[in-house]
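Taking this note's numbering, the leading residue of the sequence shown gets 7, the next gets one more, and so forth.
Be a bit skeptical, because a hint or two may be false.
[As the list claims (entries may be wrong)] Simulated DEER-style distance windows between Cβ atoms: (1) 110 to 76: 37 to 47 Å; (2) 24 to 148: 34 to 44 Å; (3) 26 to 145: 18 to 28 Å; (4) 29 to 144: 22 to 32 Å; (5) 119 to 70: 25 to 35 Å.
Read the hints as simulated data drawn from the structure, not as lab findings. Here the structure is a predicted model, which means the values were calculated and not measured. Note that CB positions come from ideal geometry on N, CA and C, so glycine has one too.
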Amino acid sequence: MAATTAAALAADQASKALVRRFLPPGKSLDWGPFSLRQVRNPGTAFGLIRGQSLPFFLGSVALLLVLLLVLWRFRGTEGRAFTAALGLIIGGALGNIIDRMFLGAVVDFVDLRFWPVFNLADTAIVLGVGTALALVIRDVWREGKDAARG
Numbered sequence: 007m008a009a010t011t012a013a014a015l016a017a018d019q020a021s022k023a024l025v026r027r028f029l030p031p032g033k034s035l036d037w038g039p040f041s042l043r044q045v046r047n048p049g050t051a052f053g054l055i056r057g058q059s060l061p062f063f064l065g066s067v068a069l070l071l072v073l074l075l076v077l078w079r080f081r082g083t084e085g086r087a088f089t090a091a092l093g094l095i096i097g098g099a100l101g102n103i104i105d106r107m108f109l110g111a112v113v114d115f116v117d118l119r120f121w122p123v124f125n126l127a128d129t130a131i132v133l134g135v136g137t138a139l140a141l142v143i144r145d146v147w148r149e150g151k152d153a154a155r156g
């Protein structure tokens with residue numbers, strides 16, 4: 007889990023550092039169906055709630071602590087895939103928390119043109135949540151199937 011968390015965090019922070027260094031706000035690099043452009047997001051996911059930095063920051067830290075408690079509670083019992091999923095979520099959350107702490111806003115840069123601009127931390131969080139949900143659904147389905155067999 008530590009390796010997954012570290013990899014997600016390192017990829018996120020390195021990509022954001024490169025974007026801040028080489029892609030000034032207002033400029034974009036178009037690559038086929040998507041573009042790269044630096045956007046500072048002072049709000050929540052997709053920039054929905056602005057001007058609430060402190061409450062959102064505290065909520066993010068609280069969510070991270072809950073995830074750490076879940077990981078500690080289920081340590082080793084859910085398997086490597088579940089642990090890796092939590093590592094992705096924690097690494098992504100840490101990446102965005104670091105931005106909020108030191109920059110006052112999250113650096114987003116992947117623009118698919120049909121979706122709000124996002125970053126690698128957001129991607130890690132979505133992949134981690136999707137994987138964890140799929141594993142939980144699979145386990146519930148298996149348990150239901152086993153219970154039906156009697």
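* Hints broken by the structure, by number, lowest first? -> The structure breaks hints 1, 3 and 4; every other hint is satisfied.
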